[in-house]
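Knowing the structure of chain H, use the given hints to seat chain A with the ligands on it.
Read top to bottom, the protein sequences are chains H and A. Last residue of the first sequence: 272 (our numbering), numbering continuous. Last residue of the second sequence: 468 (our numbering), numbering continuous.
Keep in mind that the hints were calculated from the coordinates and are not lab data. Just so it is clear, the structure is predicted and the values come from calculations on it, not from any experiment. Positions of the beta carbon are idealized from the N, C-alpha and C atoms, including for glycine. Do not take every clue at face value.
What the hints assert, rightly or not - Beyond 10 Å from chain H on every Cβ pair, some chain A residues (computed): (1) Gly53; (2) His108; (3) Ser109; (4) Gly154; (5) Pro176; (6) Leu184; (7) Glu190; (8) Leu283; (9) Val295; (10) His299; (11) Glu336; (12) Thr428; (13) Leu462.
Said to hold, decoys possible - Among the chain H residues that face chain A by a calculated CB cut under 7 Å, a handful are: (14) Lys2; (15) Val5; (16) Pro17; (17) Thr91; (18) Gln92; (19) Gln100; (20) Tyr120; (21) Trp191; (22) Pro201; (23) Gly204.
Stated by the list, open to error - Here are the simulated distance ranges between beta carbons: (24) H/Ser59 <-> A/Gly379: 39 to 49 Å; (25) A/Leu278 <-> H/Gly96: 35 to 45 Å; (26) H/Arg159 <-> A/Ser81: 53 to 63 Å.
Each chain is listed here by its residues.
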Amino acid sequence: MKVRVMRGREWARPVRPVRREVLGAAPEVEQGRPPLLFVPGFGHGAWAFAEHWLGHAASRGFPAYALSLRGHGDSGPAPEATLRAYAHDVTQVAAGLPRQAVLVGHGAGALVVAHALARYPARAAVLVAPVLGGWATFGAALRSNPVGTLPAVFGGPLRLHRRQLFSRELPEAEARRYADRLGRAGRRAQWQLLTGRAAEPAVGDPPVLVLGSPDDRVVPATALTRAARRYGSAPLLFPGMGHDMMLDARWREPVDAILDWLAKDPAPTGRP
Amino acid sequence: MSTSTDHGRPDPEASTLALTRDGRPVSDRGDTVCVVGAGASGLTAIKNLREHGFGVDCYERETGVGGAWNWRHDRSPVYASTHLISSRPFTQFPDFPMPDDWPDYPHHSQLLSYFERYADHFDLRGHIWFGTEVVRVEPVAGDRWDVTTRSTGGYGPERTSRYAAVVIANGHNWSPKLPRYEGLEEFRGEVMHASSYKDPAQLRGKRVLVVGAGNTGCDVAVEAAQQASRCWHSTRRGYWYAPKYVLGRPADQVNDALLALRVPLRVRQWLYHWTLRLTVGDLTRFGLPKPDHRVYETHPIANSQLVYYVGHGEIAPVPDVARFHPYAVELSDGREIDPDLVVFATGYLPRFEFLDPAVLGDEAGQGRPKLWLNAFVPGRPTLAVAGLVQPDSGIFPLSHWQTVLFARLLRLRVTRPDRADAFAARVTAKAGERYAGPVKDSSRHWFEVGHADYLRAVQRALHDLEEK
Ligand SMILES: Cc1cc2nc3c(=O)[nH]c(=O)nc-3n(C[C@H](O)[C@H](O)[C@H](O)COP(=O)(O)OP(=O)(O)OC[C@H]3O[C@@H](n4cnc5c(N)ncnc54)[C@H](O)[C@@H]3O)c2cc1C
Ligand SMILES: NC(=O)c1ccc[n+]([C@@H]2O[C@H](COP(=O)([O-])OP(=O)(O)OC[C@H]3O[C@@H](n4cnc5c(N)ncnc54)[C@H](OP(=O)(O)O)[C@@H]3O)[C@@H](O)[C@H]2O)c1
Chain H
1 MKVRVMRGRE WARPVRPVRR EVLGAAPEVE QGRPPLLFVP GFGHGAWAFA EHWLGHAASR
61 GFPAYALSLR GHGDSGPAPE ATLRAYAHDV TQVAAGLPRQ AVLVGHGAGA LVVAHALARY
121 PARAAVLVAP VLGGWATFGA ALRSNPVGTL PAVFGGPLRL HRRQLFSREL PEAEARRYAD
181 RLGRAGRRAQ WQLLTGRAAE PAVGDPPVLV LGSPDDRVVP ATALTRAARR YGSAPLLFPG
241 MGHDMMLDAR WREPVDAILD WLAKDPAPTG RP
Chain A
1 MSTSTDHGRP DPEASTLALT RDGRPVSDRG DTVCVVGAGA SGLTAIKNLR EHGFGVDCYE
61 RETGVGGAWN WRHDRSPVYA STHLISSRPF TQFPDFPMPD DWPDYPHHSQ LLSYFERYAD
121 HFDLRGHIWF GTEVVRVEPV AGDRWDVTTR STGGYGPERT SRYAAVVIAN GHNWSPKLPR
181 YEGLEEFRGE VMHASSYKDP AQLRGKRVLV VGAGNTGCDV AVEAAQQASR CWHSTRRGYW
241 YAPKYVLGRP ADQVNDALLA LRVPLRVRQW LYHWTLRLTV GDLTRFGLPK PDHRVYETHP
301 IANSQLVYYV GHGEIAPVPD VARFHPYAVE LSDGREIDPD LVVFATGYLP RFEFLDPAVL
361 GDEAGQGRPK LWLNAFVPGR PTLAVAGLVQ PDSGIFPLSH WQTVLFARLL RLRVTRPDRA
421 DAFAARVTAK AGERYAGPVK DSSRHWFEVG HADYLRAVQR ALHDLEEK
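The shape of chain H in the complex, shown without the other chains (with noise of 0.2 Å):
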């Protein structure tokens, strides 16, 4: 897909401002480093992030933030979101930082991320487990939890088991405690999330990341290696872990991964 210059249908109808809950960790001295930016997927908050994340971010010199998209965690509420609204939730906060930031996105959120790449230069990009859309998405989903998905067609809540989300290795009391934070997206984001538009060229070339799990049960292994080739790599497999990387068990793991790295400054791609 090409760079969209005009963007009139964009200017003629904004998206209206929302309340939104931005949670962040700072390092005790700065260092310099650019800051991160959490997006949580469907159903998450910025709560999934603050668990563990943030705090290991912030300790390893990255300041570090965590947002809801709107009708999630405690941002203001909206039924009717749309993809759009979430892009545009992400590109609000993140040029509110100090610094050109990092987007990470997690689950559906790695999708709102990729949209907001098109209207906010990062830094960098990492996508954790993506839910990148489409219908194949959606067949992987209903193999490993048809009665949680199905509903999600006809604008019922998409149910993700805690099953799906976390590996054996985390104290059950743990992941029902999790499960029964999540919330749903958006009727019309979910539905965006089968059938919409992919995400247009992100601008300013940023390096982007792409790691998950070969067990995740919503996002297959191919799903990531496809992710990852659309931005020129190869994908960084945690095995062993589920879905939900940054509350699950090993959550230390993946986390660090980001984190060395960026700390090796990766080069925007494209350049001579």
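Coordinates of chain A with the ligands only, in the frame set by chain H:
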């Protein structure tokens, strides 16, 4: 890194290969690109060039960023009450949104804070040499440029550096265009150009004549209606005074909803005339002259208050000024009025005082370069002008895409010279192309562009440049 007070310049470590004509050394800056000016257009040039991997030296004569939108800058045309006329979505950079809880039409102080945040967010200040004025830009062999600078105000020695390319982003709303009238020298009242109008206190209790009905003239007339003891507003033609809101939405958003549906110009004009009839009504009933043109054929006025104050008798519309007398102004209909302050809101002309006008194809030196996409110079593949447009929307998205296009072009000069050559041929073939429907013949419309036509043309140029 420079601070806002040093009169910085790039490290002199760069090798000094050549000498200027008067025998001073030229420091060679290699592949670095020079940007003239750190207003909004200059900032977006720095950001986009950096994003495409180029080193950038930007020179700014003021001590801060924001250009016209820092109203403390001595050349800023902005006055205390200035708010945007283009609504937020049309004004923000396409990749750095303004906060969505700002008003539809933000205040100039918000614009300045937006540009400052843009500069900090993308870490641009380290590339800007503040308090440094560009005094000469000269082409040298190999499509390179010698840029001579000195401290603003003419102190200190001149210095010359050689660059791979130059972006001129010096703004075009700072050099006043002043009309000449018989008898003006003998006039005993006060006379000023709107560029030095800053604060309504300057009008308080005076008998004020405002000349010109661009957006500046209309704003000043509205302030005079509230502050002055009398206000005459002289125009040499009738205009369409469009409100900032129609159908409950910012007017430009309604227009773009139609543009997105590709409604043809004639139909949009008809719809607009019809909406204005329903809302503002027949302007000749207020004593305003009938427009001598269709809507969109003069640069759009966005002002909801002018007609309101005319309707309240606080603004008296009068025709063109014929001549001045010591204590009176004679109008073209023979009437005489007796203002004690005359404000010429007659607009601005571009000026490139550091450049031989022939370089920009402006042999006559009148400030009207002949360019393609208002930015690219025939025969000068490493020179671009950013922000030399007057759109029916905000300027900044246009400057953004101009500089993206230039950065991509510079990159292709290295990787795909054949493409860059094809682009150069298009620049020569298409220089002078216009991106607006018919407009009234006036120097104020030299750079008038319809944002939709213009951005579509830039989009085509980008795609042609990079087509596989
Ligand atoms: C009253 C008023 C209201 C306006 N409202 C709007 C609006 O609502 N929306 C809109 O889009 N536009 C508006 N404009 C148009 C305005 O000109 C542009 O918004 C904007 O300022 C253009 O940015 P720029 O960077 O191209 O130029 P400028 O803002 O003029 O910046 C040019 C910079 O270059 C520097 N410079 C110039 N010459 C040199 C030199 N030789 N060496 C070093 N530095 C140099 C200057 O100091 C300045 O900082 C308005 C204009 C006026 C007069
Ligand atoms: N955001 C805001 O609120 C805001 C405010 C002010 C300005 N602006 C922008 O800044 C730019 C400059 O605006 P501007 O209003 O300063 O200038 P302008 O648009 O050039 O308007 C100049 C006015 O003066 C008239 N004029 C020029 N020469 C004249 C002469 N010799 N005799 C009589 N009348 C003469 C013109 O009439 P003709 O039509 O006959 O040429 C026109 O009405 C525009 O892009 C404008 O949109 C924005």
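How the hints compare with the structure:
1. Gly53: The claim is violated: A/Gly53 sits with its nearest Cβ about 4 Å from chain H, within 10 Å.
2. His108: holds (20 Å)
3. Ser109: The assertion about A/Ser109 holds, with a minimum of 18 Å to chain H.
4. Gly154: holds (36 Å)
5. Pro176: holds (32 Å)
6. Leu184: Holds, because the least Cβ-Cβ distance between A/Leu184 and chain H comes to about 44 Å, which exceeds 10 Å.
7. Glu190: holds (42 Å)
8. Leu283: holds (27 Å)
9. Val295: holds (18 Å)
10. His299: holds (19 Å)
11. Glu336: Holds: least Cβ distance 48 Å, greater than 10 Å.
12. Thr428: Consistent with the label, A/Thr428 stays out of reach of chain H, its closest Cβ about 23 Å off (over 10 Å).
13. Leu462: violated (6 Å)
14. Lys2: holds (6 Å)
15. Val5: holds (4 Å)
16. Pro17: Constraint on H/Pro17 satisfied, holds at 4 Å.
17. Thr91: The hint holds - H/Thr91 has a Cβ within 7 Å of chain A, the shortest such distance being about 5 Å.
18. Gln92: holds (6 Å)
19. Gln100: holds (6 Å)
20. Tyr120: holds (6 Å)
21. Trp191: It is violated, given that the least Cβ distance between H/Trp191 and chain A is near 22 Å, above 7 Å.
22. Pro201: Since the shortest Cβ distance to chain A is 11 Å, the answer is violated.
23. Gly204: The hint holds - H/Gly204 has a Cβ within 7 Å of chain A, the shortest such distance being about 5 Å.
24. H/Ser59 <-> A/Gly379: 39 to 49 Å: The hint (39 to 49 Å, Cβ to Cβ) is violated, given that H/Ser59 and A/Gly379 are roughly 57 Å apart.
25. A/Leu278 <-> H/Gly96: 35 to 45 Å: With Cβ atoms ~40 Å apart, the hint holds.
26. H/Arg159 <-> A/Ser81: 53 to 63 Å: holds (55 Å)
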